[in-house]
Every structure is written in structure tokens, then in C-alpha cells.
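Here the structure of chain A is known, so what remains is to put chain B in place on it, guided by the hints.
Going down the list, the sequences are from chains A and B.
For the record, in the first sequence the residue sitting at position 92 is 92 according to my numbering, with numbers rising by one throughout.
For the record, in the second sequence the residue sitting at position 139 is 1139 according to my numbering, with numbers rising by one throughout.
With beta-carbon atoms standing in for the labels, derived distance ranges:
no. : chain 1 : residue 1 : chain 2 : residue 2 : range
1   : A       : Arg127    : B       : Pro1487   : 54 to 64 Å
2   : A       : Asp136    : B       : Lys1112   : 23 to 33 Å
3   : A       : Pro89     : B       : Ile1420   : 50 to 60 Å
4   : A       : Asn34     : B       : Lys1111   : 25 to 35 Å
5   : A       : Ala31     : B       : Pro1459   : 44 to 54 Å
6   : A       : Ala103    : B       : His1106   : 25 to 35 Å
Coverage of chain B stretches by chain A, computed from C-beta distances (three or more under 8 Å per stretch; other residues unrestricted):
no. : stretch
7   : 1143-1157
8   : 1169-1181
Hints were generated in silico from the structure; no laboratory data involved.
Beta carbons are placed, not taken as given, at the ideal position from N, Cα and C, and that holds for glycine.
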Amino acid sequence: MIEWIAQHIVAKYNFWIAIVIMLTGLYATVAKGNLLKKLIGLTIFQTAIFLFYVSLSDVGTLSGLGLHYGTAPIVWEEGIHRGYMYVNPLPHVLMLTGIVVSAATTAVGLALVVRLYEEYGTLEEERIMEKEMEIDKRGT
Amino acid sequence: MLPIEQFPVLVVAISLLSALTILLAGWLNKKSCFYISLATITFQFILSIFILRHVLTVGTIHYWLGGWRPPWGIEYVVDALNAYVLIIILFLSLLAAIYSKRSVEHEIDEKKLVTFYTLFQLLVTGIAGVVVTGDLFNMYVLLEVCSLAAYALIAAAGGRALKASYNYLVMGAIGVCFYLLGIGFLYSVTGTLNMGDMRLLLPALYGNKAVQVAFVFILIGLSIKCAIFPLHTWQPDAYTYAPSVITVIISTAMAKASIYALIRVIFSVFTVDFITLFAPIADIISWVAAIAMIFGSILAIAQFNLKRMLAYSSIANIGYIMLGVGLSTSTTLGLTPALMHILNHALMKGCLFMAACGFIYKADLRDIRDLVGLARRMPYTCFAFLLAALSMIGFPPSVGFVTKLYLIFAALDAGKYIFIAVIFFSTLLMIVYFWHVIEIMYIRVEEKGEKEIKVADAPMSMVIPGLVLAVLCFIVGIIWLIGTPMPLMDAINSGLGLGVAVP
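Chain A extracted, bound-state conformation (with noise of 0.2 Å):
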């Protein structure tokens, strides 16, 4: 029992926190009315997918006891052997991408969100769709 803990659970820790850092993230932007609050939730997903690529780089954990051994590609430490087991730099120059886009679609979000402010007052989902309600019934 101790032994599959450390192996599924302690040694890849960080896959866990991603895991639940994402189904946080998910949570939020499904059941929360505030369209801010939605969009923060939005942000911490995506931000545990970074989490998710920057681990998956991480190539040179011990199983079983959690220890990371990878190091920074360029740096070589003399006397011990392990200049095959650096971090993987491919995910971390995708994920300053992701960050790019990321910074974006929330950007575009948060200018949205200013825009529905000015038009209907608040930023309760449920009053906008009350709002438009109105605003429709007047139409017809």
C-alpha cells in the first residue's frame, strides 16, 4: 500500500497538483455566475496546463522516491554522471508560447467584460440574461 502511494501518488506529485489545480480552474468557469470570476477561473486552468508541460519535461525522476535529478542542459556538474538527465527545454519554450496566448484570451476577456459592465451594469450572469429579456420583449 505504502509502496503504490509513493509510486503513483508522492513521486509524481506535481502531475497531482496540475490535476487538481485544472478541475479548480474548470470548476469556476462552469458553475460560477460572475463572468469575472469565470474568467479568473479560466486563467488557472490554463495555467494547469502549463504546470502539466513544464513536468512532462522533467526527465530524470528516480520512481519511487520522488527525487528529481534533472538539471538545466547547459550546466554540467563534474564528478557526477548524469549529463543525459537533463530537463527536456522543448515543453518550457511551448509553454512561454501557451503564456502568450494565454495572456491574450484573458486580455480579450477582461475587455469584454469592461464592455458588458458599461452596457448592462453588472456582471451577474443571471441579471445580463434578465437584461436581455427585457430588451427583447421591448423589440417585439
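The following block gives chain B in isolation, referenced to the frame of chain A:
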């Protein structure tokens, strides 16, 4: 001698540069924005014709960005499938650009004109980029480029469009994040992001759970972007409240680019072997598509807003394409019906939305019930609508008829007769809602007075693109029936390993 190997990257790079040029030129002269955008898209369209010819005569084009050899560098690959979709989306973008001149002047605040065209050009860049790229992560970035442009452009209409755009943003961002997560799983087991390379590495790993989970994530993520039935909730509002020209371009070019991405990942990265290994995948896709075909049509009947009706009709039509995809593994026709409907639906829906937005432009008519006797006031726009609606219903020899015919052939060939019934039922429902509109426009007469009816159609730049598409609905239908493009379809099917043997 033209350097055709360079064209795939030019289609994207010139468009991107043009977007920045529009932003700068807009400071000097606001009028120039439209002409720069039109010239760029025309140029892109001409490039795409050369690309298609080259692909058919010589073969697949590979372009290595920065000269880095794949799988290390990013690669743009254009084979028969890309070239076919690229030409469709750029043709529709071109018509939308022509259409944009008057409608944007009418709907968009003059101060926003410059940024509007900048974003419009970025949208075209993203769409073209999604179609030519051969790298999974690059596709993610380009999907986000066109989505972000689309969110902002939808919101440009103001009012109700803001909430529609916000919902689209949240759904779209979740969808693309799922796609990104799927790529992460694939990368963790294969160590590559290049589609061609991954196709070679994956078969040994089909039993791996990470690969299977990745497939599900990517399928769901891209289904949100395509608005496939249970994941369509953002779509009707976004199509209804967006500015006219944006409705036209996102319902045709952008929807088709997302579906292309889905087909590319399913058949080119995962291949048919993976799908047939897990028997229910194709069946699930077909059944979901069948539900979408009926559900979309039923909801379309319930609508009074013309644009919203067309939006629900789009959901039904995406169902037709996905039914073609679902049936493709078990018939000798392969993807042909799905690919046909990608072109056919773009033509029909482009025309219908152009006409519907023409009514709004000229007389602010959004409700179907207000269209009484409109055929006499706006004869050309209504005629375009009529042709496209007939085509949608499946009047021979229109494109809608050809799609339905081939889907029925595919279902017969696959021995799944239930889908024939679904196609007939969905067609009946389509007749109900399109006939309703046609009857109001053409047959019902205005009750009030015998006032002289003035013929006042929308401006020529808005009528002609619609009429071109309406006439093409029938001409392309005849071309399909003659079978001229069949060598292209065979090339695509054989490239994806489809349509050869029935398992």
C-alpha cells in the same frame, strides 16, 4: 518558373504583414484599409490556385520554416486535402471581403474601421495558417490567432454581441486548452510534434493509455471549435449577433478550418487503423452526427430570427459532414461525402447568410414574420436566398442534392440503413423551415393597401457575392455529378488510407 514550394508560407506570411500594414495605412487613410485587405486576400486566393495545381500535378509540398529539418523544425505541408480546403476558405474569404465594404461602413463605427480590418486580416491569417501547417503545436497557436480575432470581431457589433462573444471566448478557450492537453499527452509518449513524424511513431503505441486519452481530449476540444452537436451552445448567439460580414466568414471559412483540423488529426495523425482498432469511435461519431442533424433542424423550425434559424441549420449541416466522417471508415467512398459537404455547405450557408444580412442592411428585418412580400422589393437578394434554400433542401442538381445522394450511397455501402432514414427525416425538417421562409417572401402578399412597391435592393457589392454563390450552388452540383473533381477526392482518400478496403 514560380517558386511554388514557397507558396504555403507566403499565404500566411503575406496575410500577417498585410494586417500590420492595414494598421499603419489606416492612420493615413481609412479608405485604404478595405482595398489592402481585398488585394491581399485576392493574392492569397491566386496563390492557393497555384498550390492546388502543383499538388495535383507534382505532389505534396513540404516547406521547412527557417530551413530546420523536421521533426525538429516547424514544417508546412500541403497535400491534396489541405489544398482543397485552402482554396475553399480563401474563395469564401474573398467574397466576404468584397461583401464587407458596404456592410462594415453601415454597421461599424468609423473610428473602429482600421482595427476592424486589421482583425479581419488576422482572422484570415489564422484560418489559412491552420490549414497549411504540418505541426500540431503550430496549429494550436494559429487556432488561437483566428479565435482571438473572431472574439473581438463578434463583439464589434456591441449590445447582445458582447455576451455572445464572451460565451464563445470561454467555450473556445476551454476547447483549445483540451486540444493543447491532448498534444501534451502525445508529446510525452512520442517526443515529437510534427504530424508526419507522429503518424510514423504512433502505431507502436496504440495500446498506450496516454495516446487514447489524448485522442479523446483532441476530439472533444476540436468538436467545441466546430460546434458539433452537444458542444454547440456558443454558436447560435455568436452567429446571430455578430456583424454581417463576420457571420459570413466564421460560418463558412472558420467553421470549415476547424473541421479540417479535426479531420487532419483523426485521419492523418491517428490514421484509420487507430479508429478501426477501437470499433465504437466511428459509430459514436456517426450517431452524434445523426442526433445533430435532427436536433439542429428541429430547433431551426422553432426560431423566428432568420440569422438564428440559419445558425441552427448550420449545426444540422455540421452533422452531415460528421456523418460523412463517421461512415468513412466502412465504405469504399471514404471521406468523399464529408469533403463534398465542406465545399457545398460553405457555398450554401455563405449565400444564405449574405442574403439574411442584406435584409438587415436594407430594412433592418431580422424576424422571419416581417419578410412578407419582400421578393418584390429586393428581388435579387431574395432570388439568391431562394436558390441557396432550394439547394439546402436538396433540389436536384444542386450541391445539397449531391451531398445527400453520396451520403445515402455511403450509408448503403456501409450497410447502416438507419442513417438513410435519418437523412430523409432531416431533409423533411429542412423543407419545413426553408419553405416557411420562401412562402412568406414569395407567396404571401402584404395585407395593408395597394401601395406602390419600390424596388430597393441592397448595394451591388453585397448582392453580387450572394448571387455568385447561389449560381455556384447549382453549377458545382452539376460538376460533382459529372465527376470532374473525383481524381482530387481519390487523391485525398488514398493519402489518408481511406476508401480502399472494407474491413
